[in-house]
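> Residues per chain, in single letters:
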Amino acid sequence: MTDAKDTSGAIPATHRVLVVDDDADMLALLSVWLRHAGLAVSTASSGAEALARLATARPHCVLTDLYMEGMDGMTLLAEIHQRNPLLPVLMLSGQATVPEAVRAMHLGISDFLTKPVEREVLIERVRKALRLSPAPPPGDAPRFGADIIYRSARMAELLEQAELVADSDVTVFISGPTGTGKEILAKAIHRASPRRDKPFVGVNCGAIPEQLLESELFGHEKGAFTGANTRHEGLFQAADGGTLFLDEIGDMPLGLQVKLLRVLQDFEVRPVGSTRSVPINVRVISATHQDLAACVARGEFREDLYYRLNVVPLHMPVLAERREDIPALIDHFLEQQARRRGVKKKRFAPEALEYLLAASWPGNVRQLHNVVELCTTLSKSDIIPLSLARIALREEPRGVKTFKDARADFEKSYLTDVLRAAQGRVSKAARMAGRNRTEFYKLLSQHGLNPADFRGGGGQGGADDAENDVSDGDAPPDAGVAADDPPEQ
Amino acid sequence: MDRILVTVDPDLRELIPGFLENRARDAVRMGEALARRDYESIKRLGHSMKGVGGGYGFDEITRLGAEIERAAAAGDEAALRGLQTQLDEYMRRVTVVYG
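So the sequences go chain by chain: A and B.
Quick note on numbering: the first sequence equals residues 230 to 718 in our numbering.
Quick note on numbering: the second sequence equals residues 77 to 175 in our numbering.
So here's chain B without its partners, still in its complex pose (with noise of 0.2 Å):
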């Protein structure tokens, strides 16, 4: 499986390893969530992952946050199954650089 690197600021290192926690926590979150059909609680998770991911330096975070509260306001369970399944390989996939 290839690595995906993303540079961080180095500002931001002591808190990278506590956001990577928290963004694999909304990941869980997101697979309960869905198996209720609870949207509101999954575009509240997209919303704040939209919101910090771009500014801790992982863009995809961002992008895929985006996505999922777009997919949760329209109650799209089939591309939010897809996009779950996106979110669980970049968060195996990510490494983190310093720079």
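Next up, chain A with everything else stripped away, as it sits in the complex (with noise of 0.2 Å):
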């Protein structure tokens, strides 16, 4: 445990690593690599003995070849996903051909290696399938993004860029289109921060009118406008020491980006009304769906505060560009739902979850989580058959919907954003809105939403709402969960 070569990652030995090869000098020399970068190490000569193992080695990850005798790789990986399907599964193979591969990406293999394999290879990726692990030993600092569930490269590159900028103050851009995650992204970057212990504080720009979007960032002095009756923190002072999210910056008004400039280059506010500047300690971290670079081209939002903001360009892939997180996704909201209901946890059938690993997902993430939902819902038996995730893809509302219907999603969403906006105060929200309270009360209880559910702890206010949102991703949309992140991805 202590060569000089391997020890320099900082895998702790307690890590544990199932090695499975029927030839025993390539099991001897992947054990010895893997030893020496400071791994145990148990190992399996077949398929089955693999699956003997699993049990009582109770490994953190599996390396296993691709073509054995008995049991191949990849009815290896079916069973051991059947029995945990967060279990990393890297595959080793002499000669795998593009199907194969694209089979066991289908799997939810974590990584494909090609023999002959380097030492420092092998390592490296064992390494990065570690960091994947769904259980790391306890007494293990958290790892980066703990809640983003995800077995893709592509995912992990996009981590692994993330956590780089994570430590330092540096502006941050996330595209990326809706129901991708991108304020989960947001949040674990600031999770792993040194502002961690101050606020996060999310805010759709998109959602909220010019007028109010000003006093709710920058704060306003009472009597600034008509209905100020008291003065009011902006969400930039709300977060003091620690991030604002500015989601859907993209749809914020050109009036309003040269003030946003203006606090971003002088790192001090004016709230509306006021005379006096307010210095901050803010990290801002925006996101779009949008094109930002054709909004600038096309003249709707202003080049040098694009540059501004865009220092640190991090891009959320669709789902459909990383379905191989796919079936960790869907196990990870059915345990959710099952946790949420106090059920037992159901599944889908081999040919329904084919089903939803084909296809297209425009509506990313949210939209997965919405047909689990569904389908549990929906479902008599712990079995989900594929008539059902056929109908509950189709069902999910996306494309044209009918005038009622989006007027009440426009409702809800919209509610949802006055609530946060106004950390759960009604009378605030209210006069945001501008209604009165009886009315604002009638249209919560018409959605189903809760006010408690925005109102932080620990003064930080609007800052706990969002932490709430996914924090353990148990918060049922109907009760907060911002308007544009899935629970929990």
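Hints are computed from structural coordinates only; laboratory data are not their basis.
Warning: the hint list may mix true and false statements.
If you want a taste of the chain A side facing chain B, the calculated C-beta under 8 Å gives, among others [what the hints assert, rightly or not]:
id, residue
1, Asp252
2, Asp254
3, Met255
4, Ala257
5, Leu258
6, Val261
7, His265
8, Gly323
Glycine included, C-beta positions come from ideal geometry on N, C-alpha and C.
Each of the two chains sits in its own frame; use the hints to bring them together as a complex.
Structure below.
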């Protein structure tokens, strides 16, 4: 365990790897390499032996040969994932064909390595897989993005980039279509930053009218405008010491963009109606589903602000580009549903899973979440059949909605945003929305929204609301999950 | 006869005698399989040699394994005989240095 060559990485020896190969020389070689890299290794010379050893060896990752006498690596993979869908499995093969590699990826393989493999490459890839392990040994520091469910190399790369910038105050810009989980990435960056003990405050710039957005962001003095009955501290100040997440920044009106630019340049805000500026210490992470460069080209977004925000660009891939994450996401959502309802965890029939794996998912992770929720709600048995998955995917609302549905969606999303901005204070929210309290309460009850869900403890206000959205992923969508974020992904 | 020096990772010192014995056994098995034209077994032998050789530091074993696998897949008996001779000779001449 003290070999100088391979102990440079930060993997504690408590990480266990199960190595499976029917070639004794290969098995011995891989074991020596991994042990010298500081890992605890157990071995199996067949798929059947590996399955038998799984319970006792309790590995954090499995490295298996593809071609073996008896049970091959692919069958072993399927068997392992039936027992533990999140266990990373790396496949080693002498001559994998492209269809095999694709199939393995679809089956949820973590990585595919080709023999002969180099020592450094193998160790690096096992390390990578171990970072994805769902069950790091107790006592470890939480890994970056622990709430983000993924197995794909694409997401691993993205998270590596994000982790690199988390530690500094550098301004991060997250692009990616709706439902891909931009806010969750922003929160992961916040949690891994030195600002983690300070608030994370999220605001959807597209959901609040310009006048209100300005006072929400920068605050206002008493009497600054009609209805400003009290002095109000803006979100920049609320996020002091922490992170301000400006979602849908592409929707920010031009007039406000120039004011935001000034704040980012001077690190101070001037509340509406005030003559004095207040210094701020806030890290800004912004996001949009729009092509911001195109918005700049069309003159809808200020170029100087674009460059100011886009210091480190990160792109959330659409779900169709990270299909290998779908099984883990589905499993996670099924688990979440079972826990929330206090019932036995349901499963998808293999053909239903295949169907979901192949779907196009224009609504990304959020759509997948909705479909899984619909299926678990509608399925009478523990195994969700293909027919139901088909119906759920078809029924899952997207595309053209009826006017009534669209209006209801908008109202709910708007109310959610206002409640978040008002940190769950109904009178404030009602004022922002230009409604009286009674009317506003009626609207909330119509949409099943509970203002308490938007109130945070410990003086962090909206930050707590935001944290609650994803920290355990349990908040039902009708209990205040951010409008543009899947509950967890 | 010139020796072929192969430098091997000292971490693998304990494994090397067994590894070399197994390759010598592979050469014998290959001869037997060739006699009965059992190309499938030869292909498997070649495949396994290809996968394991370089990892232990014996790139030549990986090269020969790949050639053997290819020739067996093509049922090329003449090529296989030539490769068997090369493997035998390599096994006789190889000398391991750790470092």
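> Have a go at the Met255/A hint: is there a Cβ in chain B nearer than 8 Å to its own Cβ?
With Cβ-Cβ at 5 Å, under 8 Å, it holds.
> Against chain B, with CB atoms and a cut of 8 Å, does the hint on His265/A hold up?
Holds. Min distance 5 Å.
> Any CB of chain B closer than 8 Å to the CB of Gly323/A?
Since the shortest Cβ distance to chain B is 5 Å, the answer is holds.
> Hint check: is the beta carbon of Ala257/A less than 8 Å from a beta carbon of chain B?
For Ala257/A, the interface hint holds, since the closest Cβ of chain B sits about 5 Å away, which is under 8 Å.
> Report holds or violated for the interface hint on Asp252/A, using the least CB-CB distance to chain B and a cut-off of 8 Å.
holds, 5 Å
> Per the CB criterion, is Val261/A less than 8 Å away from chain B?
holds, 6 Å
> Interface hint check: Leu258/A, Cβ to nearest Cβ on chain B, cutoff 8 Å. Holds or violated?
Given a least distance of 5 Å, the restraint on Leu258/A holds.
> Against chain B, run the beta carbon of Asp254/A and see if the smallest gap drops under 8 Å.
Cβ of Asp254/A sits 5 Å from chain B, so the hint holds.
Every hint, counting from the list given before, is met by this structure.
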